[in-house]
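S.K.: As a plain string of letters, each chain reads:
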Amino acid sequence: MKYLAQHSKVLMHSVILSSMLATMASADNGEDVTVLQVAQEQNALSGFQLAGYASFGYSNTKDVHDGSFDLVNFSPIFHYGYSDILQFEGEVEFSIAADGETEIDMEYAAANLFLNNYMSLTLGKFMSPIGQFRQNFHPSWINKMPDAPVGFGHGGAALSSNVGAALRGGLPKVLGIRHNYVVYVSNAYTLEVAPDGDVDIVAEGSTANNNGTAPTFGGRYAIDPIGGMEIGISGAYGKIADLNSSSNPDKITARDYNVLGADLTYHIGNFDLRGEYVEQNIGESTDPLGIEGGKWQAAYAQVAYQIDMLHLEPVLRYGFYKNPELEQKQTALGLNYLFSNNIIAKMAYEFGNRTSPDEDTGVDTTIKTDKFLAQLAFGF
Amino acid sequence: MKTLLKTTLITLVFCLNTLHAEENKADVMNGAQVWTDVCMRCHNLRQPADLSTRAWKFSMNHMRIRAGLTADETRDIQAFILQSKSTVDGTQ
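Here the protein sequences come in this chain order: A and B.
The first sequence: position 51 = 51 (this note's numbering), numbered continuously.
Take any residue in the second sequence, note its place counting from 1, add 380, and you have its number in this note's numbering.
The hints are simulated quantities; they were obtained by calculation from the structure and are not laboratory data.
Glycine is no exception: its CB is placed at the ideal position from the N, C-alpha and C atoms.
Check before you lean on any hint, since a few could be wrong.
As the list claims (entries may be wrong) - Once the Cα atoms are required to be at most 20 Å apart in a straight line, the calculated EDC-like pairs of lysine to aspartate or glutamate come out as: (1) A/173 - B/407; (2) A/239 - A/200; (3) B/405 - A/84; (4) A/239 - A/196.
Claimed, not checked - With beta-carbon atoms standing in for the labels, derived distance ranges: (5) A/74 - B/427: 22 to 28 Å; (6) A/294 - B/446: 27 to 33 Å; (7) A/212 - B/427: 50 to 56 Å; (8) A/101 - B/468: 41 to 47 Å; (9) B/408 - A/88: 25 to 31 Å; (10) B/408 - A/197: 56 to 62 Å; (11) A/364 - B/432: 42 to 48 Å; (12) B/408 - A/165: 30 to 36 Å; (13) B/408 - A/340: 20 to 26 Å; (14) A/251 - B/420: 48 to 54 Å; (15) B/427 - A/294: 19 to 25 Å; (16) A/353 - B/405: 53 to 59 Å.
Kindly produce the complete structure, drawing on both the sequences and the hints.
M.R.: Written out as structure tokens, the structure is:
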């Protein structure tokens, strides 16, 4: 009996000890696995990252009283990289239309092959390198106003994207001045008549051959002469596919097309200065009944100042947009509150007007487009 | 045509090899300078602690393309950010 009691005691101690050892061992294994996973992730040649930005807000045009929560945008950006050889980037923009439908746009999707210290090859759909706004300033957490300057949104004078190939990179410093460049070749854009009768340059990259319309060649060259500043000039040349030949609706005609752009950015202390000009020129049609050629041009200048102690940033922006059918001018005052460097609440009031021919009389008529906007934007 | 293709391939391989030969050179001081000169031009600076070490690598390659950086400048900025991050995280 005594033996049995002693044996039971030993057995019980053994079970407890085994359980403790097993628990300790499993804890060690867990930590080992975690450390191993982290090490594997850090050292893996390839990997994936989800970045992007989103914004939500309200706008109200003064004379129309159409106030609503109409600023809803979510733009995830996918990054896949393989060592320092290749990086894929793709941005999808989700937004909600007035009828509640979800709109999805592929802003860009391109593979970038890093060829050497100074050059990478981009293939696919990429943001237009003409100017700076569409390429670098349009994300809502970067744009210091709740909306784009007039003429710099989709369907304006500024180009949105291209489908084609580009070589780009930074160049060696010369006399202490930093340089960078982009040269590209892409499919031709199209000239269309919208349902409301407006003539639109569709400056979005497409995969259409457009009856063999010649491709567009373009590029941008920029210098940073004093640090914190960039001065860029850009341009493109080629043909544009006119889809509205009046004498033969099925015929696509190629028309002369060129683009000029200039931009300046300067960040000094707490001041941030930005300015940009872009124009697209369409040659005259060979069709006597075709759409007239002309110039689409837009520009803006913006100054912002961050008051660090208060986390506030007042912004002032002036811009104009002009095409053969209309002219828009806008002065905007904004005030931002920075919860952090990538989470920003914005309020702005835009004083604007739009001049275009009256539909009935054909006489130029000017209407006010004053607008209040509020937005919360963040990047991730 | 074949000669052109061969020449292009050899050039590409040479370029890639050059890139690999340049690995592991990082000038943290230059990275700090380029970081302030280039990044702030477009956007508010992200804190080193905002992203993981791994995410910074993808973000820096993204910025290499967008900001027109050289590979050396990209590595320098990344080295500066990761050094700052390790100090903030207390891992150094």
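S.K.: Now tell me if each hint is right for this structure.
M.R.: Right, here's what the structure says about each hint:
Between residue 173 of chain A and residue 407 of chain B the CA atoms are separated by roughly 15 Å; this keeps the pair inside 20 Å, and the hint holds. Among the hinted pairs, residue 239 of chain A with residue 200 of chain A is consistent with the structure: their alpha-carbon atoms are about 15 Å apart, no more than 20 Å. The hinted pair formed by residue 405 of chain B and residue 84 of chain A meets the criterion: a straight-line CA distance of about 13 Å does not exceed 20 Å. Our distance criterion of 20 Å between C-alpha atoms is broken by residue 239 of chain A and residue 196 of chain A, whose separation comes to about 25 Å.
At about 23 Å, the beta-carbon gap between residue 74 of chain A and residue 427 of chain B stays in the expected band of 22 to 28 Å. At about 32 Å, the CB distance of residue 294 of chain A to residue 446 of chain B agrees with the hint of 27 to 33 Å. With their beta carbons about 51 Å apart, residue 212 of chain A and residue 427 of chain B fall inside the hinted range of 50 to 56 Å. In this structure the hint that residue 101 of chain A and residue 468 of chain B lie 41 to 47 Å apart at CB holds, the actual value being about 44 Å.
One distance hint, 25 to 31 Å for the beta-carbon pair residue 408 of chain B and residue 88 of chain A, holds here, with the actual separation near 29 Å. Separated by about 59 Å at the C-beta atoms, residue 408 of chain B and residue 197 of chain A satisfy the suggested range of 56 to 62 Å. One distance hint, 42 to 48 Å for the beta-carbon pair residue 364 of chain A and residue 432 of chain B, is violated here, with the actual separation near 56 Å. Against the hinted window of 30 to 36 Å, the Cβ-Cβ separation of residue 408 of chain B and residue 165 of chain A comes to about 35 Å, which satisfies the hint.
Taking the beta carbon of each, residue 408 of chain B and residue 340 of chain A are about 25 Å apart, inside 20 to 26 Å as hinted. As the Cβ distance of residue 251 of chain A to residue 420 of chain B is approximately 51 Å, the hint placing it in 48 to 54 Å holds. For residue 427 of chain B and residue 294 of chain A, the hinted distance range of 19 to 25 Å is not satisfied, since their beta carbons lie about 47 Å from each other. Between residue 353 of chain A and residue 405 of chain B the CB atoms are about 55 Å apart, so this pair conforms to the stated range of 53 to 59 Å.
Taken one by one, the earlier hints fail for this structure at numbers 4, 11, 15, listed in ascending order.
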